[in-house]
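*Asks:* Listed below are the residues making up each chain.
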Amino acid sequence: MSALDRLAAPFAHARSGDSDLPTGLVLLSGAIAAAVLSPIAWILLRVFEAEGDVSLVTQPSTFATSIALVAVVTGASVVIGVPLAFLTVRTDLPFRRFWTIAVALPLVIPSYLGAFTYISAFGPSGYIAGVLAPLGIDSVPSVYGFGGVALVLTLYTFPYVFITTRASLLSFDESLVEAARTLGVSRLEAFRRVTLPQLVPGIASGALLVALYALSDFGTPNLLRLEVLTQAIWVDFNGFGRETAAMLSLQLLTITAVILAVQSRVGDSTQGAYVGTRASTSSDTTVALGRWKAPALAFCATVVTMCLVVPLAVLFVWFRRGASDVGRTRLVFEWSYATNSVLVSVAAAVVCALAAIPVAYLAARHRSTIAEVIDRATYIGYAMPGIVLGLALVFFGVSYGAAVDDLSSVVGIASYLPALYQTLPLLIFAYVVRFLPQSVGATRSSVMRVDRELTEAARLLGQSSLGAFRRVALPLIAPGVLAGAALVFLTTMKELPATLLLQPTGFDTLVTYIWAVRESGSYGAAAIPAFVLIVVSALSMVVILSQEK
Amino acid sequence: MSRTTHRRSDASPTADSADADAETVLALSGITKTYGPETAVDDLSMSVVDGEILALLGPSGCGKTTTLRMIAGLERADAGTITLGDRTLADPDAGAFVPPEEHDIGLVFQDFALFPHLNAAENVAFGIDDRPAEEREARVAQLLELVGLDDHAEHYPEELSGGQKQRIALARSLAPEPDVLLLDEPLSNLDVALRVSMREEMRRIIDETGVTAIWVTHDQEEALSIADRVGVMNDGRLQQIGRPERIFERPTSRFVASFLGQAGFLTGRVDGDAVETDIGRLDAAHFPGLDLPDGTTIDVLVRPDDLQARPAADEATADGRLTQRQYQGPSFVYRVETTEGDSIHCMHNHTELFDVGRPVTVDVVADHPLQWFER
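The listed protein sequences correspond, in order, to chains A and B. The first sequence: position 147 = 147 (this note's numbering), numbered continuously. Position in the second sequence counted from 1, then plus 1000, gives you this note's numbering.
Among the hints, erroneous ones may be present.
[As the list claims (entries may be wrong)] Some but not every residue of chain B turned toward chain A, in silico, with C-beta under 7 Å:
no., residue
1, Leu1074
2, Asp1078
3, Leu1107
4, Phe1109
5, Ala1113
6, Phe1115
7, Phe1126
8, Gly1127
[Said to hold, decoys possible] Beyond 10 Å from chain B on every Cβ pair, some chain A residues (computed):
no., residue
9, Leu28
10, Arg193
11, Gly290
12, Tyr421
13, Leu460
Everything labelled a hint here was simulated from the structure, so no lab data went into it. Where is the CB? At the ideal position from N, CA and C, for every residue including glycine.
Generate the whole structure from the sequences, applying the supplied hints.
*Replies:* So, in structure tokens, the structure goes:
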């Protein structure tokens, strides 16, 4: 947003008051938002229906573990991500471009794959133990439990903080620091009083993503055997303690809401949004590392080794052993798993792209309370842990099935209504709820880039509002819509918990296959699907980065 | 063209209204628009006659752009009516609003609003795609030639300079032959050096097509030079409307006087048919038709070219002292603070150099009546 746009913003607001909100668009967007929000209603319904004293099922230790995990992982991510961002943007660190990319790359490894490879490397019968045993070292620190989960989650989430902090640093105008220095403030003081306040929103938005991820991740704690809320929900669900699972889900949602509330207080201060016209990295303001160069390099190298080199090396070993492992397991990899993954991902991407257009258009064009509420509502799925969403839709599918059964027994005829539980539509709906925000975000920012005067010009040249949208807005936002769809496709490919809960019987994907292999111990069979997932995730990074230009 | 002749040949020197013999094309009556507690346009009435260029002039936020957008149908008036020919475009009391695409009104946007995914020719053709292909192509070619860009038909907006974008935007809004052409600060996004030549060019194009135009601007020089009539707006109200020279010479309010040119005001007391001021007694010749009781306090409008300063021998005989000197190349403009505290400006040739702080006497050298305002 240029300064001019910001000046014009109140005007734009005033010009499009509630009075000229297009009713059809509002109803359509509202329906989409309601559909996306419905899973929460199913959880609440289940909790209220629960018999007995619900407070009995709260497990203080699990609750505390989850919160502690969020705190530790978020803190550690900030401690690793912020210095790395500073080193790659503001110092004379050698090979800055290389480190910038290498440090962001862990995002392309789904954390459950990371955990998987860490077990393989550092587990009791892992490679490291195997190497160390002949040397007389027979105990390595356990990778299982709180420490291991916190380590793995930090390694695969700190890049969020790195990327958002880096963006703040890059857009930060160094002339502000120069202004502070000319007003008689020391370099350190200038950093504290000028630079830091401008960086806080960036750091906070990265930390939010980390906290939500740490709270909602299911694969890592499951693999590394830590009793957190997502794990407890999974256990209760499989043990038919569905009321308990619903109750725990509510707890998880409550923590999510608290995290969102905290972030919006810290990160949403728009007064820290001075954007200068000058490029920030002129050579004279770069910090010379001097004798700190070697430690800085060692720090970067350690981080990259732990989050990239180790898992990739393990995968490579798996791949080499692959042939012999595949022979030993019943779980033979079939390429239909890959095509299944692609199928559901394409379906989710298409639905998201279509649903995002009205919501994004309304939000970008009509600044009103109702448009904002609808826009925000579609973002809730993003913060909703996948396992909670999966569970909610299981409840929905089952109650729906029961209702259909009741209906057919009462009416006395076979029901023509199709079942939902464990069907593809329900699975795809789950993906849409989770990943619609990515589509809405990409589409909305592309709508914002289309000057509203363009559609006004089209109106004055004889087009109806729909015609103006089709002939002017749509061609211009198409790249954004596509990018959003691509992002949905790629994130759907690697989604784990909702897929596990909702997969139709006999319908296996890359993810469910990897999950099944973990129990058999024949890791070699997982090498190819794991590589496919990493490539897919890498592509999603490319899409995100190409959007930022 | 005949219509160009009727433009400036206005017979009656006092006519502030549109030509009596020309047909009214667009009429606004009692138009009001509020945003929450703020009134953007307040009870505005005016009419535009066939073939004229009307400039709406005012400071930013005065409501001129909102007025334009209401005429275009992009905003809805809260009260009042807008009629184009014999069609009612907006009448909130009757609940009638014609959607913008049926207004037959062209709008040239401040930042051009060219469709970035279409080339110049496609942009121009956008509003006439319901016509047969042959006719359409001929019309596009004709317009591109009119704006002098027939060799840029295939260029996309990002390949065009600011001035070229402006011409394409103009050609695009002229293509469907609108009844009225609206221009929203059309030159404000151009380099200062380009503005003067572009405004002459746009005036030429508008004249050649003969379209009726409303040109919104905050630049008084632009308004005075291109318009047949100027309407000055402030605070959502139309302050005065009339021929440019009339508005400049006989402003009806202090606001209009200070918005056009560098205005100074001298406090005066009516004494018979003359006026006593800090710079002496100004005789009746300056104030034809002054008919106020003795002792009435008035403000006399004096522009820099109406006044001359002369160094005074001492403080006692001086009218005031020089407080500021502005060098403007060909001339100096001196600010004089009179003995009783009025602030006025005198324009001098660049060879007449006086020192700031010097006591001076000031003479009125204007050969036209002076405008005055009652306190």
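*Asks:* None of the hints should be skipped; say for each whether it holds.
*Replies:* Results of checking the hints against the structure:
1. About 5 Å separates the beta-carbon of leucine 1074/B from the nearest beta-carbon of chain A, less than 7 Å, and the hint is met.
2. Given the 7 Å rule on beta carbons, the hint for aspartate 1078/B is violated: about 10 Å separates it from the nearest Cβ of chain A.
3. The interface hint given for leucine 1107/B is met, as the beta carbon of that residue sits about 5 Å from the closest beta carbon of chain A, less than 7 Å.
4. Satisfaction of the interface hint for phenylalanine 1109/B is found here, the shortest Cβ-Cβ separation to chain A being roughly 5 Å, below the 7 Å cut-off.
5. Residue-level restraint check for alanine 1113/B holds (minimum Cβ-Cβ distance to chain A is 4 Å; threshold 7 Å).
6. With a cut of 7 Å, the hint placing phenylalanine 1115/B at the interface with chain A holds, because the nearest CB-to-CB distance is about 6 Å.
7. For phenylalanine 1126/B, the interface hint holds, since its Cβ comes within 7 Å of a Cβ in chain A; the closest pair sits about 5 Å apart.
8. The beta carbon of glycine 1127/B is positioned within 7 Å of a beta carbon in chain A (closest approach about 3 Å), and the interface hint is therefore held.
9. At roughly 20 Å, the least C-beta separation between leucine 28/A and chain B is larger than 10 Å, which holds for a residue marked as non-interface.
10. A cut-off of 10 Å between C-beta atoms confirms that arginine 193/A is not in contact with chain B; the least separation is 35 Å.
11. The claim that glycine 290/A is not at the interface with chain B holds, since no C-beta of that chain comes within 10 Å of its own (minimum 45 Å).
12. Tyrosine 421/A, annotated as away from the interface, keeps every beta carbon of chain B farther than 10 Å; the closest lies near 45 Å.
13. Consistency note on leucine 460/A: stated as away from chain B, yet its beta-carbon is not over 10 Å from all of that chain's, at 5 Å minimum.
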